[in-house]
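Colleague: So the protein sequences, as listed, match chains A and B. Numbers 1 to 303, taken from my numbering, label the letters of the first sequence in order. Numbers 304 to 621, taken from my numbering, label the letters of the second sequence in order.
Hints in this document: simulated from the structure, not taken from any laboratory.
Short derived list, chain A residues pointing at chain B, Cβ under 8 Å: (1) Leu53; (2) Ala54; (3) Ala55; (4) Gln70; (5) Asp71; (6) Pro72; (7) Ser76; (8) Ile99; (9) Gly100; (10) His102.
From the derived model, a few chain B residues whose C-beta atoms are all more than 12 Å from chain A: (11) Ala377; (12) Ile461; (13) Phe517; (14) Lys522; (15) Gly536.
Counterexamples of contact, computed for chain A against chain B with all Cβ distances above 12 Å: (16) Ser24; (17) Gly30; (18) Ser117; (19) Asp124; (20) Leu163; (21) Asp192; (22) Cys211; (23) Asp230; (24) Thr246; (25) Thr250; (26) Arg255; (27) Leu256; (28) Ser266.
Remember, predicted model here, so these are calculated numbers, not experimental data. Where a beta carbon is used, it is the ideal one built from N, C-alpha and C, also for glycine.
The lines below spell out each chain.
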Amino acid sequence: MSAAIETRGLSKRYRKVTALGDCSIDVPEGRISALVGPNGAGKTTLLRLLSGLAAPTSGEAIVLGGSPRQDPAYLSAIGYLAQDIPLYRRLSAADHTGIGAHLNARWDGASVRVRLSRLNIPLDQPVGTLSGGQRAQVALALTLAKRPQLLLLDEPLAALDPLARRIFLGTLAEAAAEGNLTIVLSSHLIADIEQLCDHLILLANSQVQLCGDIETLIAEHRLLVGPRKDTTAIARSHTIVREETTARQTSLLVRLNGPLVDPAWSLEEPNLEELVLGYMSQNYSSRGINTELAQLSPIGGGR
Amino acid sequence: MTWITWRQYRYQSAIATGLLAAVAVVVLISGSHAASVWHSVLHRCGTGQCGGLFGSSTSLDGPVINALVVATAAVPLLPGLLWGAPMVAHELETKTNQFAWTQSVTRWRWLAVKSGWMLLSAAIIAGVVAALVTWWSGPDHALNADTFLANRFDIVDIVPVAYAIFAMALGICAGTVLRRTVPALAVTLIGFVGLRALTAQWLRLHYMAPVTAFYNLLKPYIPSGSYLGVAQGIVGANHKIAAPNFNVPNFNGVPMPAACQTAQKPIPCLASHGYQGFLTYQPANRFWAFQGIETGIFLVLAAVLLGVTFSVLRRRDA
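Take the sequences, apply the hints, and build the full model.
Modeller: This is the structure we're talking about:
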């Protein structure tokens, strides 16, 4: 299957601050990719570069076979939902549908009406009077009405309550099932999107930490828990992502470079959250900042 | 894009049309009255009974309507201030640009269509008001010959349209560059008022080399028609302005000859010593040339501002 998104050394700097550095990722067509990372990791920057709203400082991105650009053909293939779900607050969903119909050659206005009436969201009320969850649904319905090949969603769940989140993700899963659609969804609610996503992009400190199929990534990692002891033997043949030592025991997140058989350790596959938190806190401690915060989420400690 | 512009601004357009209609009604009623008074005056003058009407500017119109007409100098600024400055800035502030600019229309096309309609609306509003004011001022100008003066020149014929296009371009450009509505409003207001004051008070006097007339101090000289005065004063013999010398008595800054220093009536004395009055001015027949030059200046500036707007929008991230 060919790649929907392919970036090589993609970077974005604002004066002295690097928002995204040397980002190289591949997202195959048809995948639903979770873009995760702490605040300020560069998630929004990456999505804006892919949408063509921002231009990279260096490197390149190939999205749907071309570089993101201001061109009707490219724009019509991309569905972009910005953070905070910006809509014209005084206009209704129906007005927005009208705008979409005038700004897009391919536009499925009927699908907006169907989706929204099924959720009992009024079409003729100013969107500013709707709840956050309803507004998110309106924005998603409008984005889907473009019939995009690539959907870029920036923290769409952040402002939603758990029920609205579930409905939103349901709509998304449905859309993904309907047709040939690649989705990149940024979020820090890992548990929420675990069910939906089959691909992971993990950013921390403006760098890509992990990128790939979630099942494969999990199979490549192990949680090791054992009595406190020297880890150099493990480190010689495998990569220790994160190490945590208490008075009595040592827990490790390890990226395997081959078979690992050691009766001294109890071995387990990490779940997605453990994997992501392992890489994120590795990043905290390796830079010497906030090691206390890193210890707030011990890997596999309670199992 | 046209439909969207209309959808976003239909209420504002309705309000603007209503206000224009109200101004039009007032001006039309007052103007018809002024015209009929003027015609009756002309008629009486034809029979040799002009009375005291000439030289009295308040006989044709009341002070309120006169103030309203003078206040139309602000009309060209309003569309640029109210619609131009927020046009891009408000989208950026509410982030709706991220919705608008990720539909299947490039942002330059979005800007081109939207600013096109904005510029056209501004031109129409200013044009309608200017046409009304021009018509209304007809008898007044004929009576008082003041159409070349600042505050009159600025509200009639074609310059108000150019001012409005400039104000709109300035508002759009300021909003795009500054990305925030309130600072953009301030820049538009200050920029427009500043440039208008600069042109009206200083630049306009020098569009063409002015004409200077010398005249006998005892017979005041008034050029025919409505002229634009640049300078006026007294010169010594041979049209030479005497070097300033404040050790001797002065008359209007001109050193007086010894013989006149003690004269009871200095002016006849100066006149008899070859002193003359001078008036430097732009004659009435240059009125349309000046309207054209000033229109050109403001349109060129508007084009530059729009060019800046497009290039900023093209190069900067949304």
